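Novice: Using UniProt numbering, the letters of the sequence shown map in sequence onto residues 1 to 177.
Heads up, some of the hints might be wrong.
Straight line, CA to CA, 16 Å or less: simulated EDC-like cross-link-like pairs of lysine to aspartate or glutamate [unchecked claim]:
1) LYS48 <-> ASP85
2) LYS11 <-> GLU115
3) LYS64 <-> ASP112
4) LYS36 <-> ASP6
5) LYS11 <-> ASP44
6) LYS48 <-> ASP112
7) LYS148 <-> ASP130
8) LYS53 <-> GLU25
9) LYS161 <-> ASP136
10) LYS48 <-> GLU32
11) LYS56 <-> GLU25
12) LYS59 <-> GLU25
13) LYS48 <-> GLU115
14) LYS161 <-> ASP112
15) LYS87 <-> GLU25
16) LYS11 <-> ASP85
17) LYS148 <-> GLU94
18) LYS48 <-> GLU94
19) LYS88 <-> GLU115
20) LYS53 <-> ASP85
No lab work stands behind these hints, which were simulated from the structure alone. Predicted, not measured: the structure shown is a model, and the values here were computed from it.
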Amino acid sequence: MTIRQDNLYLKIAIISSAPSRETNEEILLLAEARRKIMSGIEFDSVMKTLIMKLQKLAKEQIRKARMSLKRERGLSPRIAALLIDLKKDYENIESRRQYLNEQLTVLQQRNDLSELTQQVLFNSQQGLQDGSMTIDELIEYMMTWMQKIADRQSLSEGEIKMRKVFNQSVFTLPGYS
């Protein structure tokens with residue numbers, strides 16, 4: 001798992017294991033997500049499903065509260081905060097994907113990059129476009145290859161700039177935490 005995924009998983013693990021005011025339904029949803037992740041199901045699809053189920057549960061709890069004339073409750077505070085974090089993270093995925101795709105296109109148009117670097121850029125862009133690479137995997141792939149290239153040869157000015165992009169800019173995108 002990537003650092004981002006580790007952080008999200010850790011939040012879920014802490015919430016689901018600490019004694020609190022979460023409902024059984026909320027705890028069961030978190031336990032189901034943890035079980036799926038541990039069994040190897042793709043992390044982002046598990047998180048998107050969890051977001052959808054938590055939103056549905058929140059609506060259902062509010063509906064039940066209205067029918068029984070109780071104060072509208074929705075999700076428990078920690079689960080609601082987790083849902084906000086998850087939504088914020090996953091709503092920005094598409095904009096990050098678009099930003100990276102644009103950066104890769106700009107970098108490929110440089111004339112001072114080696115053939116190997118051009119191939120790495122092309123592979124990265126293909127992986128991003130066809131969905132075979134997540135954003136985190138792409139960043140890790142780029143950094144690994146840039147280090148390998150740096151170890152084998154001195155980097156050109158364009159490759160140095162490219163390395164800076166993947167060291168800094170990607171991690172400061174809006175919504176990236």
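Novice: Broken hints, numbered, in rising order?
Specialist: 2, 3, 6, 7, 9, 13, 15, 17 and 19
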